[in-house]
Amino acid sequence: MRLQKLAASRRGIHWRENSSEPYDTLYWLLKAPVRVRAEWAFTITGPGITNRKGTMTVLGIGDVEVPAGRFSAARVEQKVTFTGTGDVLDVDFSQTFWYAPDGGLVKWACGEASSVLKTFTPGP
Numbered sequence: 001m002r003l004q005k006l007a008a009s010r011r012g013i014h015w016r017e018n019s020s021e022p023y024d025t026l027y028w029l030l031k032a033p034v035r036v037r038a039e040w041a042f043t044i045t046g047p048g049i050t051n052r053k054g055t056m057t058v059l060g061i062g063d064v065e066v067p068a069g070r071f072s073a074a075r076v077e078q079k080v081t082f083t084g085t086g087d088v089l090d091v092d093f094s095q096t097f098w099y100a101p102d103g104g105l106v107k108w109a110c111g112e113a114s115s116v117l118k119t120f121t122p123g124p
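Be aware that the sequence shown starts at 1, since it is given in UniProt numbering, and climbs by one per residue.
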């Protein structure tokens, strides 16, 4: 199982570590306040982590329908280059995330692969 630790604050959402390996730098998945066409660069390094760099861009804000319901969400595109060493070649790809203020990550898509929020129970 792959463990992913995220942190949410008034500044946004950042990914802290993956599979118990902390990142050396802050990796912002979403920056607040959310603004359409906002873009920021990132670089990820850390012990036991495949280094990567790229950009995050807020493409828009709108309704997205998933099995858990309908959410107003920010659609964020990530363009990534995995920077290899030795026999590992550089690999480029993009993926899209939909973040809702009341539901967190409600949808993810990368090529033919995707994941959606199946159920959601609001807190008190």
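Some clues are possibly wrong.
Claimed, not checked - The calculated DSS-like cross-link candidates involving lysine-lysine, where the alpha carbons are at most 27 Å apart (straight line), are:
id: 1; residue 1: Lys-31; residue 2: Lys-118
id: 2; residue 1: Lys-53; residue 2: Lys-79
id: 3; residue 1: Lys-53; residue 2: Lys-5
id: 4; residue 1: Lys-118; residue 2: Lys-53
id: 5; residue 1: Lys-118; residue 2: Lys-79
id: 6; residue 1: Lys-31; residue 2: Lys-5
id: 7; residue 1: Lys-5; residue 2: Lys-118
id: 8; residue 1: Lys-5; residue 2: Lys-79
id: 9; residue 1: Lys-31; residue 2: Lys-53
What the hints contain is simulated information worked out from the structure, not anything from laboratory work.
Hints, one by one, checked against the model:
The straight-line distance between the Cα atoms of Lys-31 and Lys-118 is roughly 25 Å, inside the 27 Å bound, and the hint therefore holds. Annotation: proposed proximity of Lys-53 to Lys-79 holds, straight-line Cα distance about 8 Å (limit 27 Å). Restraint check for Lys-53 and Lys-5: the C-alpha separation of about 19 Å stays at or below 27 Å, so the hint holds. For the proposed pair Lys-118 and Lys-53, the alpha carbon gap of about 30 Å is over 27 Å, so the pair is violated.
Taken as a hint, the Lys-118 and Lys-79 pair is honoured in the structure, with Cα atoms around 26 Å apart against an allowance of 27 Å. Between Lys-31 and Lys-5 the CA atoms are separated by roughly 17 Å; this keeps the pair inside 27 Å, and the hint holds. A distance of roughly 20 Å separates the Cα atoms of Lys-5 and Lys-118; the hinted pair therefore holds under the 27 Å criterion. Distance check on the hinted pair: Lys-5 and Lys-79 sit about 21 Å apart at the alpha-carbon level, within 27 Å; holds.
Restraint check: the Cα-Cα separation between Lys-31 and Lys-53 comes to about 17 Å, which is no more than 27 Å; the hinted pair holds.
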